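Residue numbers (the numbering used here), protein chains in the order written: chain F, 1 to 103; chain Y, 1 to 465.
Simulated from the structure, these hints should not be mistaken for lab results.
These figures come from a predicted structure and were not determined experimentally.
In this text, a Cβ means the ideal position worked out from N, Cα and C, and glycines have one as well.
Please note that a few of the clues may not be correct.
What the hints assert, rightly or not - Below 20 angstroms or equal to it, Euclidean Cα-Cα: the simulated SDA-like pairs (lysine to any residue) are:
1) 44(F) <-> 230(Y)
2) 77(Y) <-> 2(Y)
3) 235(Y) <-> 41(F)
4) 26(F) <-> 39(F)
5) 44(F) <-> 203(Y)
6) 44(F) <-> 232(Y)
7) 44(F) <-> 123(Y)
8) 235(Y) <-> 213(Y)
9) 26(F) <-> 235(Y)
10) 44(F) <-> 231(Y)
To be verified - Stretch by stretch, here's where chain F covers chain Y in the computed footprint (C-beta under 8 angstroms, at least three residues):
11) 46-56
12) 147-154
13) 184-195
14) 377-387
15) 403-417
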Amino acid sequence: MFRSLQDDDRDLVTLNVNGQMVTARKGQSVWSAMAVAGQVETRKAALSGEARSAYCAMGVCFECMVNIDGLPNQQACLRRVADGMKVLTQDISEDTEADDAGL
Amino acid sequence: MQAFDCAIVGAGPAGMSAAIELAQAGADVVVLDRADRAGGQIYRSAADSPLPDAASLGPDYAAGADLISRFEDSGAKHLAGADAWHLGDDGRILFSYQGETRELHSREMLLCPGAMERPMPIPGWTLPGVMTAGAAQVMLKSDAVVADGAVFAGSGPLLYLIVAQYLRLGVPVAALVETTPRQHYLDAAPLMPRALRQLGQLRKGLSLLREIRASGVSIYRHAENLEVLGDENAKGLRFVASGKQYEVAADTVFLHHGVQPNLNMTRAMGLAHHWNSAQMCWQVTVDAFGESSVAHVSVAGDGAGIVGADGACAAGRVAAQNISHRLGRISRAERDNKTKSDLAYLSALKPFRRFIDCLYRPTDALSSPRQANTLVCRCEEQSMGDLRTGFEQGARDPNALKSLTRCGMGPCQGRQCGHLVTGLLAQWREESPEAVGYYRLRSPQRLLTLDELGRYETVTAEAAE
Chain F
1 MFRSLQDDDR
11 DLVTLNVNGQ
21 MVTARKGQSV
31 WSAMAVAGQV
41 ETRKAALSGE
51 ARSAYCAMGV
61 CFECMVNIDG
71 LPNQQACLRR
81 VADGMKVLTQ
91 DISEDTEADD
101 AGL
Chain Y
1 MQAFDCAIVG
11 AGPAGMSAAI
21 ELAQAGADVV
31 VLDRADRAGG
41 QIYRSAADSP
51 LPDAASLGPD
61 YAAGADLISR
71 FEDSGAKHLA
81 GADAWHLGDD
91 GRILFSYQGE
101 TRELHSREML
111 LCPGAMERPM
121 PIPGWTLPGV
131 MTAGAAQVML
141 KSDAVVADGA
151 VFAGSGPLLY
161 LIVAQYLRLG
171 VPVAALVETT
181 PRQHYLDAAP
191 LMPRALRQLG
201 QLRKGLSLLR
211 EIRASGVSIY
221 RHAENLEVLG
231 DENAKGLRFV
241 ASGKQYEVAA
251 DTVFLHHGVQ
261 PNLNMTRAMG
271 LAHHWNSAQM
281 CWQVTVDAFG
291 ESSVAHVSVA
301 GDGAGIVGAD
311 GACAAGRVAA
321 QNISHRLGRI
331 SRAERDNKTK
341 SDLAYLSALK
351 PFRRFIDCLY
361 RPTDALSSPR
371 QANTLVCRCE
381 EQSMGDLRTG
391 FEQGARDPNA
401 LKSLTRCGMG
411 PCQGRQCGHL
421 VTGLLAQWRE
431 ESPEAVGYYR
441 LRSPQRLLTL
451 DELGRYETVT
461 AEAAE
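This is chain F alone, in the form it adopts within the complex (with noise of 0.2 angstroms):
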């Protein structure tokens, strides 16, 4: 399980991921923010639709991509937390199709 070692409550933001409202610090990764959260599953796998999750959360892996306020294809660990972001498990597969907005 993850878990911040911050015990103060300064800079805090509210994120909802995946329906679940997150609170985070200003700063903060997005992927450290699902973490912590204990939501790890960052995206589905496009051909057999298995879950991932952040390998390397330094943006060379890009198992961590998620859908940011609608914008499909976000890396959470490069993203930063911001009041009010809407951050969905990203599932794009042959059968679904991505929002028109990002491609």
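Given chain F, put chain Y in place with the hints provided.
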């Protein structure tokens, strides 16, 4: 259009050190870095740590804060949050910046792409809960986030460092599963005497290991046949040590067996590369001053072959003096004079690096999948068996295999599977990795939206400030 004298890509130890020198020499220098703050991976958040007690990360990390502040005061233009996705040998750089597209031009380019962790394709490595040891470090350094009761598996200094950092912070660790084979200690022993010249470095490593042993955390040595347990999420790690099979339960498994240069930038530019057989990875071919096969493009730091943070600082300074000379700001003699001590340091580091490379060299069992159904290309979900079928159908080099199976064609653009594919083809062809080659890469090096491409501006160097 006003071009910069030098554009540096990457604000880690090499990029920051180079920028400080070039700015001091009066050059118009711009540094593009993807992160919000300079530091690279190793000094990530060193200047503004979110940790209540950053000292627990060790003195080396604290030293990063000093470098970052010298860089920030250097006068070099720092574009934080600039993600370069096209580098042209005409000096043109295209990058994403605050959701928009930017372009700039430079006479000289210095690439400092740094290192990434070697992929470790053990069975179950794609399960949620399986991450790299570097990922644990990133989360700790930038967000003060840790995983309780994790298993750490593999070998190499970075693995021991993060375990020691967790223990200092009082974070429970389920086990350290160490995979360095007995034979590696024997192979590395003859290299030890010369490595002793870097006694400080060696001591640091040994004290980490002592610290871990003293903590009482479970340590398994010479482990083999690693396998992540779990169907939908990681549930633990199974392995064999001293002839006995063990299972350690954990919902987070951190893997590590060394780092390799982050290749995509140098590959996409079409620079010459060669296979480094000691570090078992591709690296860009550069001369002692960091000049690549394209003279006005230099590469420094781990991105040009793993040297570590101190080595990267020295290599960055050396490349900067050479670029100053190429820009006509200093003479060749001045360059030679100013680089003498750093070049001497870099060559003094070599025996130590050889020792580390030999002791912790990646084993075949961890560098290459052992089971046909283990995924090699995580993005396009191509298993070793799929690739073998492609090979048998006649795809004998990485690009042919990519065309046939789509391996390496997903969003990571081969960053994870590139070395694995070279390694597998070399085994199957019974030829050297050099003969097999690597994927041909192209820009853009990241996913872009048309919307972003539509918002376009050019960044110029201000004439005379």
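Here's how the hints hold up against the structure:
no., hint, verdict
1, 44(F) <-> 230(Y), "17 angstroms, holds"
2, 77(Y) <-> 2(Y), "14 angstroms, holds"
3, 235(Y) <-> 41(F), "15 angstroms, holds"
4, 26(F) <-> 39(F), "18 angstroms, holds"
5, 44(F) <-> 203(Y), "45 angstroms, violated"
6, 44(F) <-> 232(Y), "12 angstroms, holds"
7, 44(F) <-> 123(Y), "19 angstroms, holds"
8, 235(Y) <-> 213(Y), "25 angstroms, violated"
9, 26(F) <-> 235(Y), "31 angstroms, violated"
10, 44(F) <-> 231(Y), "14 angstroms, holds"
11, 46-56, "holds (count 3)"
12, 147-154, "holds (count 3)"
13, 184-195, "violated (count 0)"
14, 377-387, "holds (count 4)"
15, 403-417, "holds (count 5)"
Checked against the numbered hints listed earlier, the structure breaks hints 5, 8, 9 and 13; every other hint is satisfied.
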